[in-house]
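Since the structure of chain Z is provided, determine the placement of chain G on it from the hints.
Read top to bottom, the protein sequences are chains Z and G.
So the numbering used here is basically just the index in the first sequence, starting at one, shifted up by 349.
So the numbering used here is basically just the index in the second sequence, starting at one, shifted up by 10.
Since the hints were made in silico from the structure, they are not lab data.
From a predicted model like this one, the values you see are computed outputs, not experimental measurements.
No residue lacks a Cβ here, since even glycine has one placed at the ideal position from N, Cα and C.
Be careful, since some hints might not be right.
[Unchecked claim] Listed next, the in silico DSBU-like pairs over lysine-lysine satisfying Cα-Cα at most 30 angstroms (straight line): (1) Z/356 <-> G/255; (2) G/666 <-> Z/473; (3) Z/404 <-> G/128; (4) G/322 <-> G/380; (5) G/255 <-> Z/418; (6) G/665 <-> Z/404; (7) G/715 <-> Z/404; (8) Z/473 <-> G/665; (9) G/666 <-> Z/523; (10) G/583 <-> Z/404; (11) G/663 <-> Z/523.
[Stated by the list, open to error] Computed far set for chain Z versus chain G, every beta-carbon distance over 12 angstroms: (12) 382; (13) 384; (14) 387; (15) 389; (16) 399; (17) 400; (18) 446; (19) 455; (20) 503; (21) 511; (22) 518; (23) 549; (24) 558.
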Amino acid sequence: MIVAEQKPFEEIKQMISPYGRVLILGCGTCMTVCDAGGEREVSFLHSALRLAQTKSGNGTHSFSEYTLKRQCDPEFLDLLVDKIADVDVVLSLGCGIGVQAIAERFPDLPVLPGVNTSFMGMTKESGVWDERCAACGDCRLDETAGICPITRCTKGILNGPCAGTKNGKCEANKDMDCAWILIYQRLETLHQLERMRRYYPPRNFRTIPRPKRILRQASINAGGSDD
Amino acid sequence: MYAPVNDKAQDYPTGHEKKSPDHSLVPPCQTACPLHMDIREYVDLVAQGRIMEALQVIRTGNPFPSICAYVCTHPCEDACRRSQVDKPIAIRALKRFAVEFGGDRMVQAEAETTHQEKVAIVGSGPAGLACAYYLRRLGYQVTIFEAHSELGGMLRIGIPQYRLPREVLDTEVERLTRMGVEIRTNTRVVSLDLIFELGYRAIFITVGAHQSLRMGIEGEESPGVIDGATFLREVNLGLKPSLGKRVAVVGGGNVAIDAARTAARLGTKQVTILYRRSRAEMPASPGEVEQALEEGIEIQYLVSPTRIERGKARLTVTSVRMELGEPDARGRRQPVPIKDSEFSEEFDTLIAAVGQAPQTTSDFRVRTGKGSTIQVDPVTLTTNRAGVFAGGDAVTGPATVTEALAAGRLAASRIDDYLQHRYPLPDKAGRDRLTGDLLPETIEMVRKIGRVEPPVLPLEARAKDFVPVELVYGWEEAVNEARRCLRCGVGVEILFQDKCATCLTCLRVCPYHVPYLDAHGTIQIPADQCQACGICVAECPAKAIVLRKPFDRRHVTEELSHIIRSTAESKGKPLIVGFCCQYGLFGTGTLAGLWRGAKAGVWIVPVLCIAKVEADHILQAFEIGAEGVFVAGCGQQCARENTTDRVYQRVEKVKKVLAPIGLEPERLQAFALETTDEDPTEALDRFVEKVSSLCLASVISQEVKS
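Extracted from the complex, chain Z is given alone in its bound form:
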């Protein structure tokens, strides 16, 4: 899941100030699960913005709200055609992907990001989310007992632990587990400690092209183009 955090209210207020009619657009998938831009947050932001306008004379806006199941698919975005007919800007509470999808689907319509897309991660407990994957495109979790050193080691080192580990915690943050200690302990449980003896050569991140694209089509259709 993609995890994000809603932008500070002040920043959102500043962002929308040049526009009159604002559609606050929620996303019903990841942003709902990480409590950053689901229907409840849309509704709360809507009330707060309206109230700010009454209380501090923050411009003259008119607001509307809507929540799509997902903002990152053009078919879902088609549902917006009626809603955007009379708006000046979309304030998207979708992740960065959603914002860009809207920009791509509606070339004439300004779109603003209402959240800071933070990482790919999981819910640790109610109200706590942790990063777990860096989307490096070359997964080695089979070798590290299902624990990713790229994401979870502060230094992202492939042959840990480093000398900065102390009592199982990282020198950069005493509250953070050392990823390589976690890997060691889990390998031990799995009776695969011999993997610790191997040397992992440095990865060449420059060889991974950006932006990436995945083609999952039969070979006769292969080679889809950008336009």
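Structure of chain G alone, referenced to chain Z:
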């Protein structure tokens, strides 16, 4: 400035059909009630201190709630699921509170004649009275024929006055007379043909079961032996039979207990009940048995009289001791005599209360069955004769007042069907019934609160006369008892499955561990476990969860609009809106002190537990013009566990945006009663002062700017 609150159609956002279905389930208490009273609803209203409304709910579907409030055997309490946590809700006592404090005796019933057909009701027991009430309300001309001098049947001649004061019965009879029901007392009906000849189109036979069964033992006819029904009738009609010093009562039903307690009140020194099974099998209601024992009545269990001999002045009663054998078809263990265990005792009087049967005259020419009960079609209540219906004890054999009232109510609608040439309509396909027990993990999380029993007359005042033993709750006791209700079946549901992102928030925030993931990975919130605290409704990030009752869903929004309308007339003071728990504290008065009304500008939005207050609601309160908003709950006195933490989190969340919005965060406050020993009214006064000064400051700073 006063923006309408409801312009967002919050409950049903775009893309969803705007409908308000009632998905609440019928709770076990209502299912168990012969009259299917909406018990959960009126108990809830009592918990909120809304007694008049509670009485309105009670009066819907119960013609004589005052009578039920005294004598109902409350099968609802036996079905109450609170007994799985601690003890059932004292439903009957709460009803008594509602009818007395709600002013039931003031309620006027009115009826107009809209049908020309006349209906005769033979017998004026609870079934007859109920049938008369409903037929009259439907617009029929109704005549009640009663053999005795006064109306009421068993209510008057069977039930002792200490259980049902006669004024209560008289009030109900008076009301029927005012409605225009014709009453003919001292009129024993011997022929139904005659009634038809008098122009009546339908007859409802409800003659009760007044004929005592015989014990079938030697000496039963001796002087000094009297049957229970006759004894109670004589006492209730004002006679004072002389009983002597020692009285035996044979039997274990309510009539036996009533006879024994009545005998004690007539001055008998020693009253002994002889019952052939043990206490566990006793059909009398346990509360009555308890009170009888308190009053010094002795009960000999596993004893059955076999022979009565009349001596010069006294009776010698020979009894045999019993033991319990194999259970019979109904599951009750049968008593078996123990060999050579006979013993004799002397009594002045023996009252036989071993059961009763209807006494139907054969001139009625209606078919009778087992125990000389009248046979009727269970759906139409018709007998073998056209236009003749029957109900009550005469059909079922001895049963409860509430069952008789239900039979009378049903008969009224069936007679209406008959006279209007309609097929009886099948019962409305209603809402689903809630069945099943609470799970151990749910029970564990429900706060245990002891049942508040209604006060009773002190012992020394009891055995002397016939004043009612059970007294009525005070306001605070009633509210505290009522809020123990678990509100089975009004919990939440995921109404919009398509919106649910299966984020598992509900599963994580539920204090009762109710939501779970099923084998298909779908989140389920089982209705039979949900405690209706509303936390998941307020937390669900997709707003997919709603309370099952439409009223509960609209509640806060409607209250806020009400405030907008009310404040439009009374300006001057800064408006302060308070979300206050309406259960308990508010109803009992502690929080009621927070109410300041139009003058001081403090308006209360009553909520059913502050856990249901959403962050959005607080913003809405500011939006309708509130200068300050506070949230006040019951704290430690809350009937629920762990419900407030989430509310305080929401309050903090709102506080964070208040400053950038242009409002001081001090304008919002949550009163945490569990952390302060101080009077919440003082805390509120300080809050009001603070808000007033903030208002003043902002006015000044604006003037300075301009």
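*Are all beta-carbon distances from residue 389 of chain Z to chain G longer than 12 angstroms?*
The claim breaks: residue 389 of chain Z does not keep its Cβ more than 12 angstroms from every Cβ of chain G (closest is about 5 angstroms).
*Do the alpha carbons of residue 663 of chain G and residue 523 of chain Z lie within 30 angstroms of each other, as the hint requires?*
holds, 28 angstroms
_Restraint status (C-alpha distance of residue 473 of chain Z to residue 665 of chain G at most 30 angstroms)_ = The given pair, whose Cα atoms are some 26 angstroms apart, holds under the 30 angstroms limit.
_Using Cβ atoms and 12 angstroms as the threshold, tell me whether residue 399 of chain Z really stays out of contact range of chain G._
For residue 399 of chain Z, whose nearest Cβ neighbour in chain G is about 7 angstroms away, the distance does not exceed 12 angstroms, so it is violated.
_Nearest-CB test (12 angstroms) between chain G and residue 446 of chain Z_ = holds, 16 angstroms
*For the pair supplied as a hint, residue 322 of chain G and residue 380 of chain G, confirm whether the alpha-carbon distance does not exceed 30 angstroms.*
violated, 40 angstroms
_Agreement of residue 404 of chain Z and residue 128 of chain G with the hint, judged by alpha carbon distance not exceeding 30 angstroms_ = violated, 69 angstroms
_Check whether the Cα positions of residue 666 of chain G and residue 473 of chain Z lie no farther apart than 30 angstroms._
Holds: residue 666 of chain G and residue 473 of chain Z sit about 24 angstroms apart, inside 30 angstroms.
_12 angstroms cut-off, C-beta based - residue 558 of chain Z kept clear of every residue in chain G_ = holds, 33 angstroms
_Check whether the Cα positions of residue 255 of chain G and residue 418 of chain Z lie no farther apart than 30 angstroms._
Distance ~84 angstroms between residue 255 of chain G and residue 418 of chain Z Cα, so the pair is violated.
*Keeping to a limit of 30 angstroms between CA atoms, is the pair of residue 665 of chain G and residue 404 of chain Z held or broken?*
This hinted pair holds, its Cα atoms lying about 15 angstroms apart.
_residue 583 of chain G paired with residue 404 of chain Z [C-alpha distance capped at 30 angstroms]_ = holds, 18 angstroms
Consistency note: the structure conflicts with the earlier hints numbered 1, 3, 4, 5, 12, 13, 14, 15, 16 and 17.
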